[in-house]
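Asks: Residues per chain are reported as follows:
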Amino acid sequence: MSTFIARRCAFALVTLWAVLTLVFFIVRVVPGDPAQVILGEQATADAIAAMRTRLGLDRPLGVQYVEFLWGALRGDWGVSLVTGRPVVQEVLAVLPWTIELTLAALVIGAAAGIPLGVWAAVNRNRATDYVIRLASLLGLSFPAFVSGILLLIFFAIQLRWAPVMSTQGGSFSAWLGALALPAINLGLIMAAYITRVTRSAMLEVLGEDYVRTARAKGVPWRAVVWRHALRNALIPIITIVGLYLGVLIGNSVLTEIVFNRPGLGKLIVGALNQRDYTLLQGMMVIYTFVVIIVNLLTDLAYGAADPRVKLK
Amino acid sequence: MTATATLLRAFNTNKTSWAGLIVLLAVVALAALAPWIAPHDPIEQDIFARLEGPSATYPLGTDQFGRCILSRLLHGARYSLFIGIASTLAAMLVGSLIGMLAGWYGGRFDVVVMQAMDVLLAFPALILGLILVAMLGPTLPNIILAIAATSVPAFARIARAPTIAVKEREYVEACRALGYSDARILFLHILPNIFAEILVMSSLWLASAIRTEASLAFIGLGLRPPIPTWGGMIREGFENILDSYWLAMAPGVAILVVVFALNLLGDGLRDAVDPKLKGES
Numbered sequence: 001m002s003t004f005i006a007r008r009c010a011f012a013l014v015t016l017w018a019v020l021t022l023v024f025f026i027v028r029v030v031p032g033d034p035a036q037v038i039l040g041e042q043a044t045a046d047a048i049a050a051m052r053t054r055l056g057l058d059r060p061l062g063v064q065y066v067e068f069l070w071g072a073l074r075g076d077w078g079v080s081l082v083t084g085r086p087v088v089q090e091v092l093a094v095l096p097w098t099i100e101l102t103l104a105a106l107v108i109g110a111a112a113g114i115p116l117g118v119w120a121a122v123n124r125n126r127a128t129d130y131v132i133r134l135a136s137l138l139g140l141s142f143p144a145f146v147s148g149i150l151l152l153i154f155f156a157i158q159l160r161w162a163p164v165m166s167t168q169g170g171s172f173s174a175w176l177g178a179l180a181l182p183a184i185n186l187g188l189i190m191a192a193y194i195t196r197v198t199r200s201a202m203l204e205v206l207g208e209d210y211v212r213t214a215r216a217k218g219v220p221w222r223a224v225v226w227r228h229a230l231r232n233a234l235i236p237i238i239t240i241v242g243l244y245l246g247v248l249i250g251n252s253v254l255t256e257i258v259f260n261r262p263g264l265g266k267l268i269v270g271a272l273n274q275r276d277y278t279l280l281q282g283m284m285v286i287y288t289f290v291v292i293i294v295n296l297l298t299d300l301a302y303g304a305a306d307p308r309v310k311l312k
Numbered sequence: 001m002t003a004t005a006t007l008l009r010a011f012n013t014n015k016t017s018w019a020g021l022i023v024l025l026a027v028v029a030l031a032a033l034a035p036w037i038a039p040h041d042p043i044e045q046d047i048f049a050r051l052e053g054p055s056a057t058y059p060l061g062t063d064q065f066g067r068c069i070l071s072r073l074l075h076g077a078r079y080s081l082f083i084g085i086a087s088t089l090a091a092m093l094v095g096s097l098i099g100m101l102a103g104w105y106g107g108r109f110d111v112v113v114m115q116a117m118d119v120l121l122a123f124p125a126l127i128l129g130l131i132l133v134a135m136l137g138p139t140l141p142n143i144i145l146a147i148a149a150t151s152v153p154a155f156a157r158i159a160r161a162p163t164i165a166v167k168e169r170e171y172v173e174a175c176r177a178l179g180y181s182d183a184r185i186l187f188l189h190i191l192p193n194i195f196a197e198i199l200v201m202s203s204l205w206l207a208s209a210i211r212t213e214a215s216l217a218f219i220g221l222g223l224r225p226p227i228p229t230w231g232g233m234i235r236e237g238f239e240n241i242l243d244s245y246w247l248a249m250a251p252g253v254a255i256l257v258v259v260f261a262l263n264l265l266g267d268g269l270r271d272a273v274d275p276k277l278k279g280e281s
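From first to last, the protein sequence lines stand for chains A and B. The numbering used here numbers the first residue of the first sequence as 1 and each following residue consecutively. The numbering used here numbers the first residue of the second sequence as 1 and each following residue consecutively.
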């Protein structure tokens, strides 16, 4: 087991280095001098040269590269070109919003998706199964901004049940009101994915010998499904949901824009619009860290749960 | 079994694939005929008819510049489909090649390449697309390139597994014994056998490409106005959501219909082609 963990960690480190290198070169290779972009077309050559010095762009590429890697590892991800504050601070300021939204969406997704998936698997190839499969396919066909706008139109504009804009602070009910629609939007799409994953994981598990054994020794069907089968199906469900992290992040960006909610998504779009290259580079580094750590945890969880994985 | 036979069998296993295909073909036909069937020029402005509801002249109403929504929707379908298909084809070519080479040569090359693909796959596609388009500029080739880049790893994965499965088979052994070159075996003997699987997955990734393009345009990184794109129309409609919410609804429903049709098509086919599920349904 320990060699497996060590190998996965070594892999993660190598990948991290590769992606950081890629980020470094992407930001530098693209056409357009950042200094020129920041100062605009009218800037004098002196001003551009001064800005290049301030950004550290006048030093040799090798020096910049080593400093970038060293900084990234120490958690020093540069300073925002627009606000002048460290990238870490900018990110930490909005991170609770994104974590709150993502967790709420995962809870909604699991609470709706797991029972629906189990229900579909148990009723395989019957009407219930078809309806649930079609509904989940429709759910994951929704671009997050389209579903978000539809929710906004019905619940905030037509019914006036929720605010159109998110409000900061205030009472618990105001907080819940602001969180509800974005979380439902993200949660329903997540539920569609979880339903499908749960259904196929359950179908696999329900065909196993131990399910037949449990049935044979007289365990009630209900207990077999929920206790014996679902428990074993949960491991693949969790790993695959881990793989959907990218989809979840993309959808949270769109959700934050539609509901005008602060968060990592709004931060990155703002950085793009304002050409804040250091903030952008820092955020790419942060997303890379998150993706690699989640991948590593997923691998390790799988390895811990399924001894056969270690042999590979 | 040839690719065509596999596909035909797949279609008949799951009838929902037919429904998806019919809806998709209808949308393709509407897009192809847009210049002839659209009631107005998609960028023609009628300043006396701004933000109007549906009428005989403007079946789906007009936007804030007095442009016909229906005409913009029909013309927008051309851009959505073209960008989606071009980027999926590009990703399919590059990704399948990478996956086949990794599967064929195996060893350390395979490990390194696939690890890189896995990280790219896990990286949020929208964020990657966003950054690429923002840095390269929102032109047609750049948008296609950015969206293709986000789905290359998926195709590499799809092509690798069947290549590994097929390369141990007797007929490939026979090819090697005959002294055929690697390229000849890969393209003439392995590719035809894994092509059906790749094609099935491409319909699912086309759905995702169309969604990504719309998302980019919604964020403001689509083709520049006044070119009608569905995502761009939603963006403009969203700005007027409080008084004319139908502006955002029409293109929203259009994207949903196309993506849903493609998912129906691909999902039904995948169930039939996936070797794990074969003979089950």
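Among the hints, erroneous ones may be present.
What the hints assert, rightly or not - Simulated crosslink set (EDC-like; lysine to aspartate or glutamate; CA at most 20 Å straight-line):
1. B:Lys167 / B:Asp182
2. B:Lys15 / A:Glu100
3. A:Lys266 / B:Glu239
4. B:Lys167 / B:Asp110
5. A:Lys266 / A:Glu100
6. A:Lys266 / B:Asp110
Keep in mind the hints are simulated off the structure, nothing from the lab.
Asks: Going through the earlier hints one by one, which of them does the structure break, listed in rising order?
Replies: Those not satisfied are hints 2 and 6.
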